[in-house]
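Residue numbers (UniProt numbering), protein chains in the order written: chain A, 1 to 388; chain B, 1 to 388; chain C, 1 to 388; chain D, 1 to 388.
Hints may contain errors.
The list treats identical chains as one, so a pair stands whether inside a single copy or across any two.
Unchecked claim - Computed cross-link-like contacts, DMTMM-like style, restricted to lysine to aspartate or glutamate with a CA-CA straight-line distance of at most 20 angstroms:
hint	residue 1	residue 2
1	Lys120	Glu178
2	Lys55	Glu221
3	Lys53	Asp236
4	Lys55	Glu324
5	Lys62	Glu325
6	Lys87	Asp236
7	Lys79	Glu306
8	Lys15	Glu298
9	Lys336	Glu37
10	Lys87	Asp103
11	Lys87	Asp327
12	Lys64	Glu240
13	Lys15	Asp242
14	Lys179	Asp327
15	Lys156	Glu84
16	Lys79	Asp252
17	Lys62	Glu298
18	Lys55	Asp75
19	Lys64	Glu325
20	Lys243	Glu324
21	Lys120	Glu298
22	Lys53	Asp97
No lab work stands behind these hints, which were simulated from the structure alone. What you are looking at is a predicted structure, and each value in this text was computed from that prediction instead of being measured.
4 protein chains.
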Amino acid sequence: MSSKITPNTVSSLKKVRVGVLGATGTVGQRFITLLSEHPWFIIEALGASERSKGKKYREAVKWKQTIPLGGLAADLIVKGCTPEEFKTCQLVFSGLDADVAGDIEYAFRAANIPLFSNAKNYRRDPHVPLIVPLVNPSHFSIIPQQQSLHSPPLSKGFIVTNANCSTTGYVIPLAALEKAFGPIESVLVTTMQAISGAGYPGVPSLDILGNVVPYIGGEEEKIEWETLKILGGITDSENETDKNGAPLKTFDMHQAGGRPALRVSASCNRVPVVDGHMECVSLRFHRRPPPSPQQVREALSVFTPEIQSLGCPSSPRKAIEVFEEPDRPQPRLDVKGTHNGAGVSVGRVRQCQVLDIKFVVLSDNVSIGAATSSIINAEYAVLKGIVS
Amino acid sequence: MSSKITPNTVSSLKKVRVGVLGATGTVGQRFITLLSEHPWFIIEALGASERSKGKKYREAVKWKQTIPLGGLAADLIVKGCTPEEFKTCQLVFSGLDADVAGDIEYAFRAANIPLFSNAKNYRRDPHVPLIVPLVNPSHFSIIPQQQSLHSPPLSKGFIVTNANCSTTGYVIPLAALEKAFGPIESVLVTTMQAISGAGYPGVPSLDILGNVVPYIGGEEEKIEWETLKILGGITDSENETDKNGAPLKTFDMHQAGGRPALRVSASCNRVPVVDGHMECVSLRFHRRPPPSPQQVREALSVFTPEIQSLGCPSSPRKAIEVFEEPDRPQPRLDVKGTHNGAGVSVGRVRQCQVLDIKFVVLSDNVSIGAATSSIINAEYAVLKGIVS
Amino acid sequence: MSSKITPNTVSSLKKVRVGVLGATGTVGQRFITLLSEHPWFIIEALGASERSKGKKYREAVKWKQTIPLGGLAADLIVKGCTPEEFKTCQLVFSGLDADVAGDIEYAFRAANIPLFSNAKNYRRDPHVPLIVPLVNPSHFSIIPQQQSLHSPPLSKGFIVTNANCSTTGYVIPLAALEKAFGPIESVLVTTMQAISGAGYPGVPSLDILGNVVPYIGGEEEKIEWETLKILGGITDSENETDKNGAPLKTFDMHQAGGRPALRVSASCNRVPVVDGHMECVSLRFHRRPPPSPQQVREALSVFTPEIQSLGCPSSPRKAIEVFEEPDRPQPRLDVKGTHNGAGVSVGRVRQCQVLDIKFVVLSDNVSIGAATSSIINAEYAVLKGIVS
Amino acid sequence: MSSKITPNTVSSLKKVRVGVLGATGTVGQRFITLLSEHPWFIIEALGASERSKGKKYREAVKWKQTIPLGGLAADLIVKGCTPEEFKTCQLVFSGLDADVAGDIEYAFRAANIPLFSNAKNYRRDPHVPLIVPLVNPSHFSIIPQQQSLHSPPLSKGFIVTNANCSTTGYVIPLAALEKAFGPIESVLVTTMQAISGAGYPGVPSLDILGNVVPYIGGEEEKIEWETLKILGGITDSENETDKNGAPLKTFDMHQAGGRPALRVSASCNRVPVVDGHMECVSLRFHRRPPPSPQQVREALSVFTPEIQSLGCPSSPRKAIEVFEEPDRPQPRLDVKGTHNGAGVSVGRVRQCQVLDIKFVVLSDNVSIGAATSSIINAEYAVLKGIVS
């Protein structure tokens with residue numbers, strides 16, 4: 001990987017031209033809102049389905065953000081989602097729906113375009129990193145292997161995914177605690193997830209008004225699986241080798257290599273909240289005796305992920321805001337927190353009578369849980385020279 | 001205790017005259033709604049605060065039930081909460097607020113009036129049983145001791161409490177599982193509780209509309225503590241004796257006697273739901289290997305508490321309704337279930353990656369979670385001859 | 001029309017076999033819930049789309065009612081929506097979506113099957129009555145003309161529609177007031193409509209949670225137009241004649257005949273309420289001086305529609321419940337009222353500074369606003385011998 | 001009144017020291033949020049009840065704003081609400097509750113402190129102006145009379161009130177239309193008001209979750225009365241004279257003087273929305289023929305109140321934002337609009353079948369509907385030299 005580029009270097013360079021796929025959807029709208037004020041990234045192209053293609057973006061979109069649509073993007077002509085139409089982009093963000101993301105994202109990578117995807121399709125791919133930017137940007141190290149295994153090998157194109165919104169929110173304090181106190185042995189997480197996590201039209205109002213739905217299809221499996229990929233290291237594969245016979249790198253899902261096994265049990269609920277996933281977490285450390293609630297509070301509060309020290313412009317001012325008040329955080333008051341939705345808020349850190357420690361974590365599922373993560377991942381890649 | 005009275009005996013007797021304390025409050029209104037259609041109990045007297053005393057009930061109350069106020073109770077003159085004014089009642093229900101319940105309930109017992117209380121004040125009293133009628137009516141056996149220890153000893157008066165609404169809901173499936181598979185070792189429960197659980201005016205709308213509050217004062221401690229008292233047996237005290245030197249009976253909170261220790265960890269949340277507490281439960285059995293999800297489903301479904309076989313008229317047709325649909329139960333659709341709010345609904349029974357089994361349980365916090373439990377307790381006491 | 005059949009006559013006859021079209025949809029589910037307990041009507045056949053055809057109803061439907069699905073209907077095999085499959089039905093209810101109702105309902109009538117439709121397709125047809133059963137069942141008198149104009153003329157088939165839910169609710173007090181005080185000159189109505197009025201999936205939760213949407217497509221036009229058809233009489237057409245040269249009967253939309261002109265202005269809003277349309281009504285009478293608020297209250301309270309005196313089994317115990325409390329009716333507490341959703345509730349009757357009188361009216365949009373109206377219309381037709 | 005001071009003059013002067021009464025309440029918190037970023041006003045003193053007195057503000061307040069409490073105000077020691085403790089303030093804002101505002105505000109005026117009040121107590125006072133800053137700042141002209149009638153006459157102290165939140169929102173488009181098309185003859189307004197309008201704890205959640213309450217105590221009278229005072233001019237009193245025998249100025253409530261009579265009819269509802277009052281307005285002009293909807297749209301869109309041209313720093317960028325989309329504005333998406341809550345949003349301008357024109361207006365009840373209005377009024381007074 002190339003030598004480090006400082007933020008100053010970047011801002012003195014000419015701007016980075018980016019594209020957005022799935023631009024009219026919920027996540028796409030969020031990408032555009034965030035990119036409109038980005039110091040480096042300039043929206044060069046917007047892609048959507050055939051129905052929108054050829055229209056001005058402001059006419060193609062049913063804008064559902066509380067911040068009015070403005071800026072240059074509003075008057076861009078929407079393109080189809082083909083690599084040819086995005087040739088001038090240096091990198092592309094994908095807010096595509098899962099039913100189309102697979103083929104389109106593959107084509108973009110094959111066309112040598114770096115792609116930062118919020119879709120779930122490649123999250124389980126053994127050569128695609130699943131990166132929560134406040135946790136495991138080190139997993140970018142698998143990119144050269146991803147490129148070399150492609151046929152033909154790629155010089156620039158790759159796919160990086162970010163995690164499911166409910167995984168992202170709670171894995172950040174987990175990472176902070178593992179950094180401070182060593183491996184976690186088991187985690188029980190019960191989520192209360194906002195409706196915006198399901199996109200638009202998403203959850204019918206008759207299902208959720210004054211109600212709780214104790215089920216979100218596939219969500220529990222995603223949390224249980226993604227946590228292992230994100231918190232696991234990268235290790236040598238036991239079976240696979242490259243053409244030179246060297247072992248391939250692989251994600252240490254079963255913790256065969258470095259860390260001891262981690263067990264995760266998730267229960268997911270939908271609640272009538274617009275934005276903000278609340279998660280009640282109980283966990284047990286390997287280390288005996290476990291840290292005290294006060295030690296946990298301090299470790300969370302001082303956690304400083306690499307993207308902050310590196311100077312990614314979209315990184316939160318504070319990665320984890322720790323509340324002392326007994327009834328906070330709450331979605332309506334705290335979803336943006338002091339971190340503008342790019343970090344998470346933790347409260348109610350206390351002893352668990354069954355495992356060691358329990359707390360609640362609140363994350364902004366449409367910011368750090370979605371588009372903001374893709375954007376920080378891209379900032380990291382630019383600063384590290386992975387995208388040029 | 002007297003010989004068993006059958007339902008037939010009861011219905012051939014003259015009706016049972018009952019009183020309601022705290023009649024204008026939320027729980028009081030619920031008592032009156034339920035008692036208005038009761039086959040045995042006749043509302044004889046209603047008690048409330050000075051502000052309401054002397055008014056017709058229909059004028060004193062701000063009626064907040066979806067069932068219109070009607071029947072004989074509407075025209076009763078509200079009395080003060082003194083035993084003298086309830087002399088003609090054979091038993092009294094208390095929906096009093098905790099800030100006044102202590103003294104008033106004490107006075108009623110001292111006046112030899114059997115009292116079934118929904119208030120929390122005497123739940124922790126070592127001689128007062130805390131009875132979830134679908135779980136531990138056997139704890140009525142402590143009543144003679146409660147009466148004999150009173151000074152002077154009581155011939156008829158006693159206090160029986162029912163449990164906190166969130167405890168009641170989840171302890172019913174726990175009891176069913178212990179009956180089928182032996183002791184549970186540990187339980188983690190995360191609640192999503194309805195606003196009606198906080199009474200009226202209760203939760204300010206600015207706190208809960210489109211929001212989740214991850215805290216309910218004292219609630220987690222109540223669940224953790226009450227579960228031990230309810231699921232524990234009654235054993236001989238190690239220290240206390242009666243005047244004859246015989247050991248007093250005491251609740252086996254620490255499971256020193258019969259059952260192995262049980263650890264409970266609760267996380268309580270308020271959600272914008274009107275009626276119906278949802279609780280996500282994970283638990284571990286002592287028994288190895290643990291039962292399968294299918295065995296758990298069957299054990300829950302066949303659970304028949306004593307109050308059902310005894311024929312208490314307010315007992316649910318089915319104690320535990322087990323849902324197979326992946327997204328049920330839900331408060332809005334299922335809070336009344338097939339049990340009319342007097343039982344509970346369980347769904348999503350599946351393996352837990354950390355403990356053994358997880359599921360959700362939904363209970364009607366204003367029915368089985370409050371007034372209905374008091375009423376079934378009273379029915380049980382009448383059928384067993386504890387009240388005459 | 002044939003001689004009157006009394007309720008006693010009906011109940012001594014064999015039951016009436018009925019079918020339901022659109023059985024899996026929201027309105028269809030409501031039809032089935034109501035018909036399952038109906039004293040006369042026996043569900044003989046259920047029709048739905050190709051996707052459901054051939055399945056047992058309980059497997060075809062995603063049941064969304066708070067009353068559990070039970071009874072005979074649950075095990076019926078769903079049919080396609082063709083008249084051949086409903087030959088044995090004496091009458092059919094339609095809860096079809098508007099995009100398919102036009103052709104299917106036409107075919108049923110052509111096959112000589114009486115059809116009671118909740119769909120909007122034939123509401124504006126000049127020979128199809130638009131009947132709010134508590135207001136204008138006299139419009140059934142147009143049925144013979146509808147049958148005779150069909151080619152070939154029909155002996156039994158016809159189409160009767162009921163009105164849009166928001167029209168139905170507020171037109172009932174209007175009719176009561178016109179009956180008591182003569183014609184109304186102008187009405188301003190502002191609605192706050194429940195989400196269940198939009199069916200399922202209907203309103204996306206992101207659009208309505210904690211929000212008000214000041215627009216419901218086509219709704220204001222429906223209210224303004226339907227009110228004229230319902231409250232207008234039936235008069236001789238000026239232009240159209242039958243084959244004998246006699247003038248055709250027509251709906252007096254422009255009040256050219258009997259009554260003075262009525263002007264209606266509607267403003268429609270969607271609010272986050274599950275069931276129950278609230279409508280704020282201001283109106284001006286022709287008569288000077290206008291009646292006082294107290295006179296209005298009394299006139300509303302004593303209103304007894306023909307369907308009540310005739311003895312339709314689904315008619316409300318009270319057509320209009322008048323509240324004296326300043327803050328009632330409210331959807332959550334009063335949607336069922338004392339009329340079980342088959343009547344309406346009126347409150348806050350007071351003077352209007354601009355027109356004469358203002359009040360609020362609450363109606364159960366899924367009962368009297370939809371299926372219940374179709375069913376009462378059918379009961380009326382049976383009692384009057386229009387269906388045999 | 002003194003010669004005009006330009007914004008430049010002001011900003012070159014030393015800052016204006018202000019106080020806030022009722023600082024811990026909902027409106028008080030809003031004052032502090034807005035003043036913390038104000039270019040001129042420096043918070044010098046905070047006053048609250050005895051319970052809070054002597055504590056640091058951050059400890060006395062239960063902060064309920066989505067913007068975190070920060071800045072200098074957080075560490076101020078809360079004072080009692082006596083003029084002595086606010087001596088160093090050049091003007092004071094009052095967010096006091098009505099039950100205490102009467103005496104306290106009187107005392108502040110008597111102590112020669114200019115007071116800008118959000119409370120209702122002095123709104124009907126014949127010498128106190130009721131000023132919606134986008135509508136009638138010209139009513140400041142009554143201040144010298146208010147000061148001279150005080151005993152003893154005041155050199156600096158006065159009381160200015162702003163209007164009720166629901167009046168403020170809809171009177172702004174009314175003023176714009178009267179400016180363009182002459183007097184309005186009659187207005188019917190139906191409100192759907194947010195819970196934040198009732199303060200904290202305010203509306204109990206059991207009353208409003210999934211519900212509409214068709215009543216807000218005193219609100220309809222306020223709208224009907226305040227509109228007349230705000231839109232009326234100032235005229236000579238027929239009866240009252242000053243000590244020199246010159247007629248006193250009075251508010252032209254009955255339009256005896258200049259303008260023709262205006263009739264207002266209001267119907268007020270509470271809906272489950274956090275922030276943003278929606279109001280459905282129908283009105284009739286005196287002028288015949290009335291303007292077309294398109295003319296109305298244009299007149300609203302170009303409306304520029306004096307406070308904008310004068311340069312009040314808190315004035316909205318656009319006073320009235322006019323939406324063309326059929327389903328906007330909506331509280332959740334548009335409450336802040338392009339005017340940051342200091343203007344209003346209008347949509348659905350169309351013909352009314354009964355009066356002339358109808359439309360919806362959305363206003364941010366906690367901004368322009370409350371604290372923001374007081375602050376703009378104070379800015380106006382500073383710029384005009386009324387406060388020095």
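Hint check:
Proximity of Lys120 to Glu178 under the C-alpha cut-off of 20 angstroms is found in neither arrangement, the shortest distances being 26 angstroms within a copy and 41 angstroms between copies. In this assembly of identical chains, the alpha carbons of Lys55 and Glu221 never lie at most 20 angstroms apart, being 39 angstroms within a copy and 31 angstroms across copies at closest. Proximity of Lys53 to Asp236 under the C-alpha cut-off of 20 angstroms is found in neither arrangement, the shortest distances being 45 angstroms within a copy and 54 angstroms between copies. In this homomeric assembly, Lys55 and Glu324 come within 20 angstroms of each other (Cα to Cα) only across copies, at 19 angstroms, whereas the closest approach inside a single copy is 50 angstroms.
Taking the closest pair of Cα atoms, Lys62 and Glu325 come within 20 angstroms of each other only across two copies (10 angstroms); inside a single copy the shortest separation is 39 angstroms, beyond that limit. In this homomeric assembly, Lys87 and Asp236 never come within 20 angstroms of each other (Cα to Cα): the closest approach is 35 angstroms inside a single copy and 71 angstroms across copies. In this assembly of identical chains, the alpha carbons of Lys79 and Glu306 never lie at most 20 angstroms apart, being 36 angstroms within a copy and 46 angstroms across copies at closest. Neither within a single protomer nor between protomers do Lys15 and Glu298 lie at most 20 angstroms apart by alpha-carbon distance, with minima of 39 angstroms and 40 angstroms respectively.
For the homomeric pair Lys336 and Glu37, the shortest alpha-carbon distances inside one copy (17 angstroms) and between copies (19 angstroms) are both at most 20 angstroms. Within a single copy, Lys87 and Asp103 get their C-alpha atoms as close as 17 angstroms, which meets the 20 angstroms cut-off; across copies the closest is 50 angstroms, which misses it. In the homo-oligomer, the alpha carbons of Lys87 and Asp327 never lie at most 20 angstroms apart, since the shortest distance is 50 angstroms inside one protomer and 38 angstroms across protomers. With identical chains, the CA atoms of Lys64 and Glu240 are never at most 20 angstroms apart, being 46 angstroms at best within one copy and 51 angstroms at best between copies.
For the identical chains of this complex, Lys15 and Asp242 are neighbours neither inside a copy (37 angstroms) nor across copies (71 angstroms), given an alpha-carbon limit of 20 angstroms. Taking the shortest alpha-carbon separations for Lys179 and Asp327, neither the intra-copy value of 27 angstroms nor the inter-copy value of 37 angstroms comes in at or below 20 angstroms. Taking the closest pair of Cα atoms, Lys156 and Glu84 come within 20 angstroms of each other only inside a single copy of the chain (16 angstroms); across copies the shortest separation is 64 angstroms, beyond that limit. For a Cα distance limit of 20 angstroms, the shortest separation of Lys79 from Asp252 qualifies neither inside one copy, at 39 angstroms, nor across copies, at 54 angstroms.
In this assembly of identical chains, the alpha carbons of Lys62 and Glu298 never lie at most 20 angstroms apart, being 44 angstroms within a copy and 24 angstroms across copies at closest. Within a single copy, Lys55 and Asp75 get their C-alpha atoms as close as 9 angstroms, which meets the 20 angstroms cut-off; across copies the closest is 50 angstroms, which misses it. Only between protomers do Lys64 and Glu325 lie at most 20 angstroms apart by alpha-carbon distance; the minimum there is 13 angstroms, versus 33 angstroms within a single protomer. Proximity of Lys243 to Glu324 under the C-alpha cut-off of 20 angstroms is found in neither arrangement, the shortest distances being 55 angstroms within a copy and 50 angstroms between copies.
Proximity of Lys120 to Glu298 under the C-alpha cut-off of 20 angstroms is found in neither arrangement, the shortest distances being 34 angstroms within a copy and 36 angstroms between copies. In the homo-oligomer, the alpha carbons of Lys53 and Asp97 lie at most 20 angstroms apart inside one protomer (16 angstroms), although the nearest pairing across protomers, at 31 angstroms, exceeds that limit.
When held up to the earlier numbered hints, the structure conflicts with 1, 2, 3, 6, 7, 8, 11, 12, 13, 14, 16, 17, 20 and 21 and fits the remainder.
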